[in-house]
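J.: The task is simple: from the sequences and hints, build the whole structure.
Chain by chain, the residues run as shown.
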Amino acid sequence: MMKKMILIFVLNVIIILPVTVFSEGLEINGFVRNYSGILLEGDNDYSIVQNTLDLSFKKSEGDIGFVSNIFVYQYPSKENYFGIRELYMDYYSESVDLRIGKQQIIWGQADGVFITDIVSPKNLTEFLLWDFNEIRMGVTAAKGKYYINSDNSLELVWIPMFTPTLMPEEGSIWHPKMSFPLEPSFDMTKSEVDKNLNNSELFGRYSLNLSWIDLQVMGGYTFDDDPSIHVKRGFSIDSVTGTKYLSSMVVSPEYHRLNVGGLSFSADLTSFILRGEGAYYNNKYFQTADPIASDGLIKKDYINYVVGIDKTVGEWKLSTQFIQKIILDYEDNLIGDEMDNLATILVSKSFMREKLRLELFSYVGFNNEDALIRLKGYYYPSDAFGIEFGSNVFVGNEGTFGQFNGNNMVYAKIKYNF
Amino acid sequence: MKKILGIIVISLLILSSFEMVAEDAKEIAYKVYNRKAPKDGESDMKMTLIDKRGGERIRDIRQFFIDLGDVEKQIMFFTAPADVKNTAFMNWSYDEAGKDDNQWLYLPALKKVKRISSSGKDNEFMGSDFTYEDMEKRNPERDNHKFIKSDKIDGEDVWVVESTPKKEEQYSKKRAWISKEREMPKKIEFYDEDGELLKVLTVLEVKKIKGYWVIIKQEMSNIQKKHRTLIELSNMKVDIGLKDNRFTQRTMQRGL
Numbered sequence: 001m002m003k004k005m006i007l008i009f010v011l012n013v014i015i016i017l018p019v020t021v022f023s024e025g026l027e028i029n030g031f032v033r034n035y036s037g038i039l040l041e042g043d044n045d046y047s048i049v050q051n052t053l054d055l056s057f058k059k060s061e062g063d064i065g066f067v068s069n070i071f072v073y074q075y076p077s078k079e080n081y082f083g084i085r086e087l088y089m090d091y092y093s094e095s096v097d098l099r100i101g102k103q104q105i106i107w108g109q110a111d112g113v114f115i116t117d118i119v120s121p122k123n124l125t126e127f128l129l130w131d132f133n134e135i136r137m138g139v140t141a142a143k144g145k146y147y148i149n150s151d152n153s154l155e156l157v158w159i160p161m162f163t164p165t166l167m168p169e170e171g172s173i174w175h176p177k178m179s180f181p182l183e184p185s186f187d188m189t190k191s192e193v194d195k196n197l198n199n200s201e202l203f204g205r206y207s208l209n210l211s212w213i214d215l216q217v218m219g220g221y222t223f224d225d226d227p228s229i230h231v232k233r234g235f236s237i238d239s240v241t242g243t244k245y246l247s248s249m250v251v252s253p254e255y256h257r258l259n260v261g262g263l264s265f266s267a268d269l270t271s272f273i274l275r276g277e278g279a280y281y282n283n284k285y286f287q288t289a290d291p292i293a294s295d296g297l298i299k300k301d302y303i304n305y306v307v308g309i310d311k312t313v314g315e316w317k318l319s320t321q322f323i324q325k326i327i328l329d330y331e332d333n334l335i336g337d338e339m340d341n342l343a344t345i346l347v348s349k350s351f352m353r354e355k356l357r358l359e360l361f362s363y364v365g366f367n368n369e370d371a372l373i374r375l376k377g378y379y380y381p382s383d384a385f386g387i388e389f390g391s392n393v394f395v396g397n398e399g400t401f402g403q404f405n406g407n408n409m410v411y412a413k414i415k416y417n418f
Numbered sequence: 001m002k003k004i005l006g007i008i009v010i011s012l013l014i015l016s017s018f019e020m021v022a023e024d025a026k027e028i029a030y031k032v033y034n035r036k037a038p039k040d041g042e043s044d045m046k047m048t049l050i051d052k053r054g055g056e057r058i059r060d061i062r063q064f065f066i067d068l069g070d071v072e073k074q075i076m077f078f079t080a081p082a083d084v085k086n087t088a089f090m091n092w093s094y095d096e097a098g099k100d101d102n103q104w105l106y107l108p109a110l111k112k113v114k115r116i117s118s119s120g121k122d123n124e125f126m127g128s129d130f131t132y133e134d135m136e137k138r139n140p141e142r143d144n145h146k147f148i149k150s151d152k153i154d155g156e157d158v159w160v161v162e163s164t165p166k167k168e169e170q171y172s173k174k175r176a177w178i179s180k181e182r183e184m185p186k187k188i189e190f191y192d193e194d195g196e197l198l199k200v201l202t203v204l205e206v207k208k209i210k211g212y213w214v215i216i217k218q219e220m221s222n223i224q225k226k227h228r229t230l231i232e233l234s235n236m237k238v239d240i241g242l243k244d245n246r247f248t249q250r251t252m253q254r255g256l
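Heads up: the sequence lines are chains B and A, in that order.
Start counting the first sequence at 1; every next residue gets the next number (my numbering).
Start counting the second sequence at 1; every next residue gets the next number (my numbering).
Errors might be hidden in some of the hints.
[To be verified] In silico SDA-like pairs for lysine to any residue, Cα to Cα no more than 25 Å straight-line:
1. A:K85 x B:S56
2. B:K177 x B:K300
3. A:K207 x A:E219
4. A:K237 x B:E61
5. B:K349 x A:T48
6. A:K166 x A:Y33
7. B:K376 x A:L105
8. B:K145 x A:K114
9. B:K102 x A:A109
10. A:K112 x B:Y206
11. B:K122 x A:L107
12. A:K114 x B:V313
13. B:K102 x A:K207
[Claimed, not checked] Quick list of simulated restraints, FRET-style, between CB atoms:
14. A:A80 x B:N51: 21 to 27 Å
15. A:K167 x B:I335: 54 to 60 Å
16. A:N245 x B:Y206: 16 to 22 Å
17. B:L356 x A:K180: 42 to 48 Å
18. A:N245 x B:G171: 49 to 55 Å
19. B:A142 x A:D44: 33 to 39 Å
20. A:D95 x B:V32: 44 to 50 Å
[Claimed, not checked] Some chain A residues flagged as far from chain B (calculated, every beta-carbon gap over 10 Å):
21. Y33
22. D67
23. R175
24. I215
25. D244
Derived by calculation from the structure, the hints in this document are not laboratory data.
Don't be surprised by glycine CBs; every beta carbon is placed ideally from N, CA and C.
T.: Here it is in structure tokens:
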């Protein structure tokens, strides 16, 4: 099956390429990249060895056009991963833009956090370490944008089939750590959402773009991209002591509907940019220790928001964000905290007329006192060729980042753009 | 008494003559600022970054601009090299003295338009020797102007005017050689915060397009770091009826 798919892919490339190369006005862009990382702990295992080919084809004629972006991730030690990130057609008129097909839809104003940016699901197979254009997956959608005038627009997105977050496979160093009091059995019968019209997703957005502020108000009738973990517990009576004990656990991941309403903005306050996003999520399932809760879950609403500042001081670019998640109508039995506080910090500077760039980006979690510290250097010996070298350090013992404290690594990426 | 009156009269005459000269310098600055310029247009821009060993890196840009009187809008699309292709930069520059520009950047990898801080205008534009501010029209009210002398460059009559910013900025002063015939600079010297010569802009070629004088080729040399940037315009079209609604985030995202 795998070999057949590879063959189809290779044939597609062989067939598409000559046609497209000779096709007038067609743009072909992309990159080839080698990405190698070494874990700093234990036997210095390779955290990743990956070769990538990313190819984009773009053509537009008058009011219509198309884009295709295909990718191949080749791994020496595991199954290759390839596919189509985007494949869509565009139609532009005086006041309406239409885009139909597989596409990445990116909303919001925050960097590295996903609050109103929930239209395209995430690829978390490499945690949050993917490059910007690789962390979000394309979704098959029909997107229409109506420009009321040059300042105001309305956007509607219909996604006929739900696509969940792509989680790391079992055994991956990025697989989230889950602990159970006893070895559970897994029921995967509800782990997929049926592909029918009733299960489609709908998003709407109003945008206002003025000289000093960009403002968006959004709403979504969607699914939670992450599965809720339903846990059915079985109890038995100890024949000797007569006490009741937990004897079985059936874990069943399931995706549930989520209603979201939010806004985002970015304002120029002369010496800095103030950015923000906030959203109200209705009917999210949270894990609870309440014994009467069905499947160990309870529905709650929550608020998630971010406020950030971008500032340029001399040639230094500085950016910081504060992110807070608040569970409404909180109960003490809930497994998560009522409020979860996170911050991000970005510092970067270019040298040698942008041939060299150093960057520090960090997530800092306050609840679990954990962090991810990413120090990177980019060197471009020529315009087409770049080398990135960096380190990812996980601080803490638990939490989103602390759980990966054994995954500290150094890495290098060598990239050729064409 | 007569002697004192004489001194006062002479002093007043000297002061008024200084005032006249200062006024002339400002007038020259306004002549440059208000020079007859196209209402809108488009062109290809080739930016060549030359290092001190003569090594070259080239950036190709397609640019569009419109002058709406109180605001000038510009969109640049990067067409080469490959790693910046389809990046778009939009700038709205205001006529009102002291009002900062608004700037946006569209990065294809991010797939969204980001508003960027105009306080970064002192930064190099795409690694070149031009800062963002060097590339925009500057309101004469932001500087104090001093007339230095009349001179000749390449046989052309020029005014030499020195402009010092009223507030502390990236350059402590600029000295410009302005063509009397075309009312546009032929050369500008930029001085750093310590008053040392930092950069020199030399206009290498001008062309009259539809009755407007346009700088087609210019070079900015960084004297201290010994590298330079050459900017050449081609395929320039002016007064082509571009509309204001083209200078939006929609256009940046759609691309060329």
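J.: Could you run down the list of hints and mark each one as holding or not?
T.: Do the hints match the structure? See the list:
no., hint, result
1, A:K85 x B:S56, "holds, 12 Å"
2, B:K177 x B:K300, "holds, 24 Å"
3, A:K207 x A:E219, "holds, 16 Å"
4, A:K237 x B:E61, "holds, 22 Å"
5, B:K349 x A:T48, "holds, 22 Å"
6, A:K166 x A:Y33, "holds, 17 Å"
7, B:K376 x A:L105, "holds, 22 Å"
8, B:K145 x A:K114, "holds, 19 Å"
9, B:K102 x A:A109, "holds, 16 Å"
10, A:K112 x B:Y206, "holds, 15 Å"
11, B:K122 x A:L107, "holds, 19 Å"
12, A:K114 x B:V313, "holds, 18 Å"
13, B:K102 x A:K207, "violated, 47 Å"
14, A:A80 x B:N51: 21 to 27 Å, "holds, 25 Å"
15, A:K167 x B:I335: 54 to 60 Å, "holds, 55 Å"
16, A:N245 x B:Y206: 16 to 22 Å, "holds, 18 Å"
17, B:L356 x A:K180: 42 to 48 Å, "holds, 44 Å"
18, A:N245 x B:G171: 49 to 55 Å, "holds, 54 Å"
19, B:A142 x A:D44: 33 to 39 Å, "holds, 36 Å"
20, A:D95 x B:V32: 44 to 50 Å, "holds, 47 Å"
21, Y33, "holds, 21 Å"
22, D67, "holds, 16 Å"
23, R175, "holds, 24 Å"
24, I215, "holds, 22 Å"
25, D244, "violated, 7 Å"
Of the hints listed earlier, those the structure fails to meet are numbers 13, 25, in rising order.
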